[in-house]
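Colleague: Sequence order for the protein chains is A and B. Under numbering that gives the first Met the number 0, the first residue of the first sequence carries the number 0, and numbering increases by one thereafter. Under numbering that gives the first Met the number 0, the first residue of the second sequence carries the number 0, and numbering increases by one thereafter.
Calculated from the structure, these hints are not laboratory results. Among the clues, some could well be false.
Unchecked claim - Covered by chain A, according to a simulated footprint, are these stretches of chain B (three or more residues, beta-carbon under 8 Å):
no. : segment
1   : 20-31
2   : 79-86
3   : 157-163
Unchecked claim - A few chain A residues that face chain B, going by a derived Cβ cut-off under 10 Å, partial list only:
no. : residue
4   : SER8
5   : VAL9
6   : GLU13
Ideal placement from N, C-alpha and C gives every residue a C-beta, glycine not left out.
Chain by chain, the residues:
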Amino acid sequence: MSEFRKVQSVDEPELVAARWWSQNDPSESPGVSRRSALLGLAGLTAAATLASQTACSTSEPAGPEAAESLALQKESGWDFGADGKKLDMGPGAGDPVDPAVMKDLAAKLTPTNPDNRPFARTVLFDSVRQATAATTDLASVIRPIHTPAMENAELAGRGLSTLFEGAPAGKAVLVDLPGPESVAFAAGLANRFDPVFLFDNWPHPRGTVPAHLTLAAALDRLSTFEELAPTRSAKAAPAFVLDSNRLNAFAETDFDNRYVAYVPSADALKKLGVKSIVMVRPKAADHELDDLNATVVEWKEAGIDVQLVPLDSFQAVPEGEVADAYGPELPPAETTATTESSDVYHTTHHYTHHHHYGGYGSHWLLWSHYGWGSPRYGYRPSSYVHSSYSPTRRATTFGKSAKPAGFGQMSVSRTGGRTSLSGSQSKSSGSWGRSRSGGYG
Amino acid sequence: MPAPQVLFAVQVLYPLALTGSLTGELIEAVRAAGDWMAPTDKNAWYDAFADLLLQHGPHLQYASWEHLDDPEEAMETYWAWLEGTAEDAEDEARQPYRDEGHYGFVTVLVLAEEGGRSARMIAEHCDVEDEDGVAFDLLEHLVRLLGALDFESVTSDVVMVRPGAGGRGVSETLLGSATYHHLGPVL
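Take the sequences, apply the hints, and build the full model.
Modeller: Structural data, given as structure tokens:
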């Protein structure tokens with residue numbers, strides 16, 4: 000029985016296509032020149048081209064083919080092609096964690112609000128319990144990490160969480176920072192928000208994305224997530240947690256474990272009751288990453304307000320001034336505040352130690368900056384200038400939930416049932432540049 | 000020397016505003032199709048594809064189909080459909096007609112061995128009078144044919160969905176251009 004092999008695929012915002020060729024047929028093309036012209040067409044980038052070249056003729060020696068990196072790892076081990084290179088956990092990594100704890104990681108970090116669960120992507124957390132052909136058990140080499148950047152992010156997350164006390168309902172959070180910081184920021188939010196992790200790759204010693212550090216950060220903050228989960232509302236709004244390293248630039252010696260973020264559509268957000276997204280990025284001048292542009296613009300066009308709150312807008316409170324943290328207009332009710340306008344943001348766990356938006360004393364200024372109305376606490380005047388971000392469509396190589404050809408893939412050779420990485424791992428941008436040369440027949 | 004081939008092509012257009020998730024579901028179906036597929040996988044895939052497409056029957060607005068049994072013409076046209084669709088998709092990003100209703104469409108191409116069982120099935124199914132439009136019953140008949148083909152005697156198949164995720168599709172104005180003159184209304 001002959002099989003069909005996919006010899007070309009295109010996944011672009013304007014076109015999704017796939018072409019198969021029977022392996023019974025020894026010759027694909029009516030002429031090399033015509034085939035070459037086709038290979039210059041839209042979206043037919045490195046991966047598709049390689050596949051096409053191998054499939055053109057069964058009489059030619061088998062060449063390299065493109066394969067999804069994650070599928071390769073599942074098939075041949077998480078460290079497939081590492082050539083002896085080990086994971087670098089960085090300085091200050093903690094002691095090994097009981098493998099039994101790691102095996103339950105995905106379950107322990109599942110959203111507590113059932114409405115949020117369909118959106119979680121736990122591929123990274125699942126990586127530690129996969130039985131694969133790896134040379135080393137991943138669970139045995141991952142160590143928890145806790146870095147100063149994570150500490151800063153967690154205190155900022157706590158600061159943002161406090162600002163939702165009495166906030167208008169319908170707000171969700173999207174945290175898009177480098178993986179470990181995103182995890183830590185989410186830990187800071189977890190008394191009030193339901194973390195929905197969107198980590199969609201496996202670690203690799205040569206990974207373009209240092210996913211092992213994100214996994215290590217999650218292990219470090221696991222007890223915090225578990226402790227805070229029962230303190231928040233059963234209907235807690237989601238905090239979507241992403242790793243901004245997912246689109247890192249690929250280098251020739253890397254293993255391409257990049258991925259695109261799959262965030263809910265505007266309709267799905269509305270079904271969750273979300274009217275506004277607070278997006279956390281490193282700096283005020285940032286915008287959403289390329290893979291989210293089409294979706295974030297869609298959110299905006301559907302009437303969902305998207306605001307950017309930069310991580311660096313949260314600053315440490317000077318030593319000894321925590322008691323006056325909310326500034327000179329501190330109302331008497333502040334110390335016993337437990338009520339919110341929405342059950343969604345209810346929490347029984349209140350922070351006393353956190354970073355402050357815009358600096359000491361101006362914490363509640365955020366409400367004014369982002370048009371949330373009048374906060375219940377006063378704030379000091381501040382010269383802090385808030386982000387002027389507004390979602391705008393721009394040209395990217397990503398569509399909504401789509402990725403450029405070659406992205407997250409590796410070139411491999413399969414010989415005698417054995418799979419190995421091929422020598423060249425060049426990538427193409429997936430651009431549409433070419434000349435017009437024909438039309439319908 | 001390539002074996003002689005016949006070509007069967009079918010193309011269906013639908014207004015994006017009236018067909019909800021159809022384009023998204025077609026895209027997911029194409030993405031989910033395997034890199035390697037057995038002939039029986041092909042039958043199952045096209046059966047599901049036909050179900051997906053035809054359930055939007057009332058909104059399938061324009062269609063075109065083609066059967067070419069001249070091998071040289073079949074191969075030339077196969078490449079022309081591929082190239083033309085890709086080129087037109089590229090034009091989408093530049094088209095100025097952004098405020099109009101837009102259409103999505105799906106195109107399927109099949110190259111089958113001349114004289115083979117699939118080629119004969121295609122010839123039988125396409126032995127119909129030329130009409131100004133495409134009767135829905137005929138369209139259904141042709142789309143269902145895809146899942147019934149003997150893929151042991153099929154050489155290549157192609158599925159193209161426009162727009163992809165994030166694209167706008169074909170504008171009402173462009174539908175009136177020569178590029179789409181081969182289409183007829185679904186009756």
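Colleague: If a hint holds in the structure, say so; if it doesn't, say that too.
Modeller: Structure-based check of each hint:
Requiring three or more residues with a Cβ within less than 8 Å of a Cβ of chain A, the coverage given for the segment 20-31 of chain B holds, as 4 such residues are present. Closer than 8 Å: that is the beta-carbon criterion, and the segment 79-86 of chain B has 8 residues meeting it against chain A, so the requirement of 3 holds. Residues of the segment 157-163 of chain B with a Cβ under 8 Å from some Cβ of chain A number 7, which satisfies the need for three, so the listed coverage holds. Look at SER8 of chain A: its Cβ gets to within about 8 Å of chain B, closer than 10 Å, so that hint holds up.
Because the closest C-beta pair between VAL9 of chain A and chain B is about 7 Å apart, less than 10 Å, the hint holds. A cut of 10 Å between beta carbons decides the hint on GLU13 of chain A: the least distance to chain B is about 4 Å, and the hint holds.
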